[in-house]
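Undergrad: Chains as they are written, first to last, in this note's numbering: chain A, 26 to 569; chain B, 342 to 613; chain C, 116 to 433.
Just so you know, the hints here were simulated from the structure itself, not pulled from any lab data.
One or more of the hints may lead you astray.
Below, simulated DSSO-like cross-link-like pairs (lysine-lysine); rule was C-alpha separation at most 27 Å, straight line [stated by the list, open to error]:
#: 1; chain 1: A; residue 1: K461; chain 2: A; residue 2: K484
#: 2; chain 1: A; residue 1: K226; chain 2: A; residue 2: K484
#: 3; chain 1: B; residue 1: K570; chain 2: A; residue 2: K417
#: 4; chain 1: A; residue 1: K461; chain 2: B; residue 2: K515
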Amino acid sequence: MTTPLLQVRGLKIGATVYPPGEKPHDIEIVHGVDFDVEAGKVLGLIGESGAGKSTIGLASMAYGRGGVELTGGEVMVNGRDVLQSNLRDIRKLRGAEVTYVSQSAAASFNPAKRIMEQVIEAAVLQGKFSKSDAEDRARALFDKLGLPDPDHIGNRYPHQVSGGQLQRCMTALALCPEPDLVVFDEPTTALDVTTQIDVLKAIKDAIRDTGVAALYITHDLAVVAQVADHIMVLRQGEMVEYGTTDQIINAPQEEYTQALVSVRSITHEEKQPTEPVLRVENITARYAGTKFDVLHNVSVDLSPGQTLAVVGESGSGKSTLARVITGLLPPRDGAITFAGRTLSPDQPSRSLEDLRELQMIYQMADTAMNPRQTVGTIIGRPLEFYFGLKGKEKQQRIQELLDEIELGEGFQDRYPAELSGGQKQRVCIARALAAKPKLIICDEVTSALDPLVADGILKLLLNLQRVEDVAYLFITHDLATVRAIADSIAVMYQGRVQRYGTKSEVLTPPFDDYTDLLLSSVPEMKLGWLEEVIAHRKMESAGN
Amino acid sequence: MLKNIPLSAAIGLIITGTYFLAAIFAGVIAPYGMAETVGDVWEPSSAAHWLGTDQIGRDLLTRMIYGGQTTIFIATAATILSFTTGAVLGFIAAVSGGWVDQLMSRLVDLFMSIPSLILALVILSSIEATVVTLIVIMGLLDSTRVYRLARAVAVDITVMDYVEAARLRGEKLKWIIFREILPNALSPLVAEMGLRFIFMVLFISTLSFLGIGVQPPLADWGGIVKENKEGINFGIGAALYPAVAIATLSISVNLIADWILTRTTSLKGGRG
Amino acid sequence: MHPVIILVAQRLGLGLILLFAASALIFGLTEVLPGDAAQAILGQAATAENLANLRAEMGLDQPAISRYFQWLGGIVTGDLGNALTNKLPIADQVSRRMSATLFLAFWAAIISVPLAILLGLIAVRYQNRWPDKLISGVTLASISLPEFMIAYILVFFFAVKLFWAPSFASVSPGMPLLEQLHAISLPVAVLTLVVLAHMMRMTRAAILNVMQSAYIETAELKGLTTFTVIRKHAFPNAIAPIVNVVMINLAYLVVGVVVVEVVFAYPGMGQYLVDAVVKRDVPVVLACGVIFAAVYIILNIVADVVSILANPRLRHPK
């Protein structure tokens, strides 16, 4: 039996925390984890934020980020325990035997140096290649990773290439010294979904062609299913389940894993459009002091009690549309009709009735609540402001709302800092509901949340829609969410509505090019999806 | 809230408190009269004169206590003036934005492009230095710094989603400033207040030392140095007592400001 | 045109406007406030008649705007007018005293800049350990004292008790350099201590900021030695903020010099300014004030220009 390339036994990792008003103390964040990575194989580490997956990945390079300390266990790389090695030996290992690809290539490249210099640095300084050999190798890797103009892209500075390209350069940086193991730490998370698929494919091919082993860390099970041979599911610093990718995806044993696999399984019966509560007509808008329009001729309708999902990637103008509807950005042209009334273009001149009936929920619940107000004040203020409720009556209504968002007793006196991410978002929902609105604009309300928590929020929103008969304008980049909750969909691209209609209309072929690209780029929770999509695209482009 | 004060902040609070009490009750605790000649020139310290006497035979401890009263009073009054002016204008600029903000901010840029000491010297060359004019000059010159901080803090807060949410709800300016912005801006501003106070103590002492601040016969710490500086060349340390006083006062105020600041940041950290 | 050139030109243009506005502000401050030069000369004994005569003689009866432009024109052509007290041209005094002040500031800068950067590096290297804490402690103490206090403490110990250095900085033109340096050793030490504290603190913060960047982690994960990480990755990015810190603190020297010159009876610009303020010699105050403000503003402009030039995003646009 061969020894695995990376063998981790009983790994414990600690960190010092500085809680407010208390003395700093040490806590354990990883509680004894065991796993192996065989030469040439890919192990996926999956978990929600706080699961300790990045920390474990960096431990294979004997590196603790910030105040993190590797407190116990064994990390054997090529038969040597790196936790027992001195710094000299660890340095020989880093950048030579094990290399690292971070989530944000933009921050991980030195802004003052050319890309090539940084890509070959480890390979040359570790004595693996001469400078000219390393440069040849880098150019070959740029080519393999599908970067444009591979012979010269290395002469550029990091800020001179796009985010997706830089992420590939980072992969080249990691592969250049011919390492035995690469740690990929959420390498595609910061990218748009249509960019992600190309980078993912490039990484997968590079792994296969170079025969390197990899630790692939991500929170997205569908992504890791495309590249990993084995998957380890982590939660709160402990292993939940370990198995082949096939087994984890198709036959998960543990309840937690099952939930992760089935997370996007909410179903929702599509409703047919009726007389709209919100009508957006030919909106064109630009930001003050700029010279180009960010919205061109946007028209959409939203029926009462239904959900219109506005989908697009960053820069598509979907959030700008929300600002126009709320009156924060008066449009240059076009009109908005709401509940039969024409809305004034700028917010300060709208009637109290208009303001009350149109509420908003934000992506970051953290910054959407005043940290110095209690939950009771936050939810109570709209009751007082719009309906003049006071005293006992107000208390009673606050409690009703808390019950509606499934928080129950004892939350009125808490401050936002004392709530979890999901609870905070629920309070924001309650604040919007308190106004008894006809329409709530939901701006990426689940994007900052872990999948299981996001799932709970979506279910709650659907329930509330049934009970309160409120319409949602749901802004998101996540197509799985759209499928789960929308009645109609508007696909936005570069400030225009690219495709618009009921959910079944929009999601049924034939597609326009962009919608096709967008829909097919969303990772699916099945093996071989990546290859299918790429093959499909090749076929199409051959057909054209 | 007061149960877990770190040792350094406790020391800071005690020393600062002592200085302020001594300033308030100067007339009660000073052993002699402020301008009273009670001994020889530069007597060494003795049971009758704990710190000795000054260049014309006044009790130095008495001078120090009254000097502290003047220095602390001027510094406190100037800090309050600087704070109210700077914070109010800074908040108004941040919340109104547009040309109001532009005009005020560019004017403040102009004032801050010249060192305050130089500006103070220019102004004091054409008006007489009295306690009131000194407070006004120092307070207004320094309010530019408070303005910048208050504006920056308020701008940071106004871009928060919770302020936008309040605007969308239809809240008036009063609610937004006093209920949404002020409670969140208070801690950094209070911490800054400590630093501005120290700066005022140093500023007024410097002006008095240069002979254009507090005028005799009133005593203040900078003035005591000026009066007794000749003694240094004879090895008499009378002029160094104010140094000890200023240093201990400003270090202890610093310790309190540090404590307030770390409390604020850890509160922010706990939000996530 | 290259965007860096445009940005630098913009900054310089803005600086010019600021210089102009600052001169107007200084002139304006002596105008708006009650009392004028004529009154200052004649004092309490002035009758309305001879006050009016003197005003006419000095041109004070003309409107403020035209006097401002006359004065500004004078400054640009090197004519700073005459002092009220001794009627001598201010420009002569200024040129002599300016070189004395620059001599003092030069040596203070030569010592404090490398020392501050070195101490800043040490503080970062031993972050939160005793060398860092010691340096921070000393810094806090020296920030907590006005310049003249530090000066007298040094005089008390080094001049009076130990006789290492003179307590008055009397420098005459014919003196050999070494003797001159000995004469100004205490004022230089004071200025060094004063700017060192700020400069060290800001350098430490600037380096720490760079050291906490993700690209430093990347470099460490390449297996580079600490020295290589600092030399190849931290230094190129830290140089601009450090130069910025140095410039801002040199500007701060401008203020320190005023007080230190008075303490050590050093015949420089600072002492000239303070003397003039005490004697209410407004033309001298105006001239000195504008010169100090100009030096301060120019150093700040240099700091900004350096940051623009050092920014790789601006130097190598997309």
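Undergrad: Next, verify each hint and record whether it holds.
TA: Quick rundown of the hints versus the structure:
1. A:K461 - A:K484: holds, 19 Å
2. A:K226 - A:K484: violated, 33 Å
3. B:K570 - A:K417: Violated - the C-alpha atoms of A:K417 and B:K570 are around 71 Å apart, more than 27 Å.
4. A:K461 - B:K515: Given pair A:K461, B:K515 holds - Cα atoms ~25 Å apart, limit 27 Å.
Of the hints listed earlier, those the structure fails to meet are numbers 2 and 3, in rising order.
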